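Participant: In case you want the letters, here they are:
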Amino acid sequence: MQWPEEVVADSASGRLQTQSMVLNVGPQHPATHGVFRLLATIDGEVLVDAEPVIGYMHRGYEKLVEARDYRQITNLVSRMDWLSGISNELPMWMAVEKLMDIEVPPRAQYMRVILVEMNRILNHLMFFASFGAELGAITPTFYAFREREDIQYVMESATGGRMHFGFMRCGGLKEDVPRGFFEGALKAVRQVIARLDQYEDLLIGNEIFKERTVGIGVLDREAVHSYGVTGPIARASDVDMDVRRDEPYLVYDRFDFDIHTGMHGDCFDRFWVLVHEVVESARIVEQAIEDIPSGPVLGKVPRVIQPPAGEVYVRTENPLGELGFYLISDGDRRPYRMKIRTPSYNNVSVLPHVLKNTFVADMIAILGSFFFVLGDIDR
Amino acid sequence: MTIDERPVETASAGTGREHPAYSSTRYPEKLRIERKMTFGIGLFKGMAVTLKHLFKHNTVIQYPEVKQDLSPRTRGVIALKEENCTVCMLCARECPDWCIYIDSHKETLPPKRAGGRPRKRNVLDRFAIDYALCMYCGICVEVCPYDALFWSREFEYAEFDIRELTHEKEKLSDWMASVLPPPSLEQGAELPGQAAAPIAAGGAGPGSAQRPAPPAAVTAAAERPEQAAKATATATAAAPAPSAASPSQTQAGETAAPDSVARATEEKVETHTGDALAGAVTDAGPSGPDAAVSPTEAAGTGAAVAKDDAVTSEPGVGASTSESGPAGGLEPLSGTSAVSSTQPGVDVAKYQENPGPNVEVPHEEPRPRALEPTEDADAVYSEVLQGQLEKGSSPQVAEARAKVAKVKAQRGIKRGPTPVYTPNLVPSAPTQGHEDPSVPSGAPEATPPEPDPGPVASTAQEPAAGAAPPASRASQPDPPEAETAGAEASSGGAASSPDSPAPEDPEAAYERVLAEERAKGSSDPVAMGRAKAARVRAQKAKGSA
Amino acid sequence: MSGLTLATIVPDIHFTAWEILAVKLVVVLVTVPVVSLIGGYVLHKELAHLQQRLGPMYPGGFHGWGQTLADGIKFIFKEDIIPLTADKWVFSLAPALIYVPAIMLYLVIPMDRNLIVENLDVGVFYLLAIGSIATIGVLMAGWSSANKYSLLGALRAAAQLIAYELPIVLMVAVVAMLAGTLSILGIVEKQSWPFILWPPGIGLVAFLVFFTGAMAEMTLPPFDMPVAESEIITGPFTEYTGMRFIFGFFGAEMAHMVAFAGIITTLFLGGFMPIVPWHPLTYIPGIIWFLAKTSFMVFLMIWIRFTFPRLREDQLQQFAWKFLIPVSLVNILAAGAWVLYAPSWLWK
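Residue numbers (the working numbering), protein chains in the order written: chain S, 1356 to 1734; chain Z, 1010 to 1554; chain P, 14 to 361.
Everything labelled a hint here was simulated from the structure, so no lab data went into it. All figures in this text were calculated on a predicted structure; none of them were measured in a lab. Keep in mind that a hint or two might mislead.
Using 20 Å as the maximum straight-line C-alpha spacing, the simulated SDA-like pairs for lysine to any residue come out as follows [to be verified]:
| no. | chain 1 | residue 1 | chain 2 | residue 2 |
| --- | --- | --- | --- | --- |
| 1 | Z | Lys1054 | S | Glu1562 |
| 2 | P | Lys161 | S | Val1569 |
| 3 | Z | Lys1065 | S | Asp1552 |
| 4 | P | Lys58 | Z | Thr1068 |
| 5 | Z | Lys1039 | S | Arg1550 |
| 6 | Z | Lys1529 | S | Asn1379 |
| 7 | Z | Lys1065 | P | Ile315 |
| 8 | Z | Lys1045 | S | Val1569 |
| 9 | Z | Lys1061 | P | Leu67 |
| 10 | Z | Lys1061 | P | Lys335 |
| 11 | P | Lys203 | P | Asp134 |
| 12 | Z | Lys1061 | P | Ile317 |
| 13 | Z | Lys1076 | S | Tyr1508 |
| 14 | Z | Lys1065 | P | Lys58 |
| 15 | Z | Lys1529 | S | Asp1552 |
| 16 | Z | Lys1045 | S | Met1618 |
| 17 | Z | Lys1529 | S | Val1667 |
| 18 | P | Lys161 | S | Ser1375 |
| 19 | S | Lys1565 | P | Leu67 |
| 20 | Z | Lys1045 | S | Glu1562 |
| 21 | P | Lys161 | S | Arg1550 |
| 22 | P | Lys161 | S | Gln1383 |
| 23 | S | Lys1565 | P | Gln330 |
| 24 | Z | Lys1054 | P | His76 |
| 25 | P | Lys58 | S | Phe1500 |
| 26 | Z | Lys1065 | S | Thr1496 |
| 27 | S | Lys1565 | Z | Thr1117 |
| 28 | Z | Lys1039 | S | Met1618 |
| 29 | P | Lys335 | Z | Leu1079 |
| 30 | Z | Lys1054 | P | Lys335 |
| 31 | S | Lys1418 | Z | Lys1054 |
| 32 | Z | Lys1529 | S | Arg1689 |
| 33 | P | Lys161 | S | Met1481 |
| 34 | Z | Lys1065 | P | His76 |
| 35 | S | Lys1418 | Z | Ala1536 |
| 36 | Z | Lys1045 | S | Val1573 |
Only some residues are given here: those of chain P computed to face chain Z with a beta carbon under 8 Å [stated by the list, open to error]:
| no. | residue |
| --- | --- |
| 37 | His62 |
| 38 | Leu63 |
| 39 | Gln64 |
| 40 | Gln65 |
A virtual CB, placed ideally from N, CA and C, is assigned to each residue, including glycine.
With the hints as constraints, model all of the structure from the sequences given.
Facilitator: Rendered as structure tokens:
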């Protein structure tokens, strides 16, 4: 892959008289998953420079939450990263529980793991569906949505929502899951695993897919560390980190699961890690359902959620990376300040670094493989 | 088509833990192989996948003709049971989007017995939800202490005009017809009042029909009547005159108590034919109004459920309602937990027999909560009895209240500052809608001092109440907690802050709050801001005093 | 100038040359849009079923047969927007320049021995010449739209169509060598065994290369870089709406697809001849053979189209210049050797 660089070098040295132009990719563009804008300076088909512009969807959540009590915040934060609503609710409540010193009953902890991991599968399915679509293969998209529908159906039967679940409460869950949930969850999750072969045949094993992804958009380890990239993207660059394993929260230390890392940090590895994480999530769900204890799903909590003054930082492994809630309470029913560290923001920050001297077509592949949700960036 | 009907494709070589393809921690080898460029094989594999799907059955649901069977928990639209609404404004206050509009006015009703005082109650004029603003979080349904709001799974109410999306109470009440009863809970779920039976490790896969056994015969017996009462309630709500039926429901609950299991179930089945009402009333006949104080074990539970139904009754209905005062004195949560504490086997059967989308009265969703006997039941009994007698309650009333307290203690329902249900509908909301911002909108905890010596008022009049809004309490006073709750409820309020019972000098307040904030470690601007707010509050309080 | 169909079917009526021309025009002008509509419907349905969906089910009643018709009517009634800074004349003419050649392709495709609009002696040349005109239309559309995405798409299209013209021409040359004629009817009649089966290898390679080239020339995935909707949002047609969009893009795409399926059928699959020279099969009318083969080719194109991801422009060029063209050249040599040295009993 030298020749984008060659073109750029030729152009810079004056051997080739070219004129660069600025291409506005977005805010409305099918490959940007929302209102994300990429100011691309292109020289022919080669991107000389790229500058992500964000903020088209800023909703001021960090300020909004200061005027709402914690239960209301649950439903706000689930709208940050709308693909993984319940994964956003979790750290928020974990922060409150930590501050209030509330013990979550074991059943609730297991249940949280199940829901969060199912949500991770949902999220990953969405991303590898959209990745295929961006590369021009629209059929895997529909297969992924078929699986998503099954999981969403099960989750809806428990939580009442399909995307914004709003199911977590301080000290546990809103209520126990309905009868048949475990069975349905196992069925849906196993279905996904059984059908993963289809994705492997359609995308991973496909020569055109390999042409388009292997060696494209290489993100080196140094960039991962300096930009604070986390999640599957970091793992694809051989950065072996996962909050679930390194700093176990909930009951993650009781499960047997693996952290997959790539070796090259290119689009292919990112996609590959994503697919394999689905398998791990499915394994966790299976184990959790097997081992789940009986008991209440809501701990002993005061009627009014009013954490004492103090501050706390809680981090969890969101499907897209590390999600942190830095909560400062002044003893009120509302947070004094809630700083949210979202993975998408860092994942997008590193884009200019990766996008330099690539083709326009590769830009789309790279955008698709840098998993981000716009709502997560512009909280 | 539901998910259950779809065929499952299982991976040929096992899934999850056993899947051979995913069995080592790091996969450089697998990754290396998969990265390697192959020549043409992958293309044909992909084509085989799509070709296979060409001959598979499709997965789509032809929506308008075929509808997906959505879960009863689906948050589709919010239904309003208008009779249950007491205009407590909790939903409107808790709504994150402020999309619930409530208007009400006060009505003065004639005294229910000669020489009594006229009573006031809030009448709901307007209850509207703007679905253009609603974010479907369900907090209003969750906080409603009187079971007036329910989720329905209907979702087809798109409109051409955004103004049409504001559903007034008539439309919201229409949705009630589509409300489903909550689903039974998953295996291993703890139902209040009993510990869940442990799941056999490993062997008991989900879906096995194992259910926890009822812990004690007494509990089981206590729970039957309430089943019956519930069932009757279903029938009566369908009947044109719910108010008249209400007392008999109460009694039906208690009379059924000693009856056999079969009897209870029978009544429940009859419910669907609508005949149960008559049966229940006949049954209730001999028991008379003093059923509420009948010394059966079931009294607490039955009465707690009766509360739900009593709400529907008109305030001036008759003596029997007021006689069941102690039952009304129960905190609403006990009602809900009593419902959910039904014996699981019966529970399941009941929901399975359910006629479907046309159930009139949905049951409160079970709210599993950690329960264990909080206090010694007998001690509570005697303590409450003593307290009631000292207060001057009649012996029967005192005994009933004490019993209720005992049952609650046994079931581990914490005595706390939960909102109280006042059986004769003492006005519980101090405001009339949104018009008056200076007065804190009334949570049930924060009922303003109403000099109304109703059956509950005697309980509610606490010496500590003072200038603070004397919360009408649960039948067992628990001053410190109640105090906090009251304060909490009126946190937005001005002079009613329990911290400053007497109007404080504004400057002094300023200094005090500033010092407090600094001590707490707040930053200077915040501390100043809070202190200023305190000063303004104090000034206002002074002005009003 | 033989092969006038109506005269043979209805021998009593004698037309003047002008009348014949008029009839031919009407036939072609009706056939092509109808074929586009049917092709579009097949596309919808096959795509849907490949993805475990149902596709259109309502318009027209039975399994949504009227979907493409309804779509077409909708597009006709949509507002025709010409961007302010666009070059209006070029912008307006471009769709015509794309669609008219697509119609003209149908003129020389024989559906049966006598069912051909115009049997040219140099039919193959005509096909190749007409097939390349659309490129100019695409370039015009992209350039005149005053849109950066359109420009990128137009340049991609130009580069791509030029690169793939070469293997197509070479493979047609192979066919012409094997058949010994440039007349399309002659080529078909020469295929008692279709060229894809016989001569072994040569015909198959020629077919595969031609098929790939045709996919690229029609800008179908995996070679749809000029219109890649997730990259450069349908490229040259970004600014088009309504009628112009459907004639420039959708309609032309469908017309091209069916036309190329017909051409491939004619050149490699034996056209209206039975698939193997077995006597009972000749009782099946030629038009049925032709339609069946063409439908299969359309099915194959759609199947491939929605299974594969898209290549990158430079990869496509590499594929064309470094792989397909060398293979084509070798294949021409092989074909020449076959024609010169193959013993005559191998010919039948």
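Participant: When the structure is checked against the list of hints, which entries are broken? Sort them ascending.
Facilitator: Those not satisfied are hints 2, 6, 10, 15, 19, 21, 24, 27, 29, 30, 31, 33.
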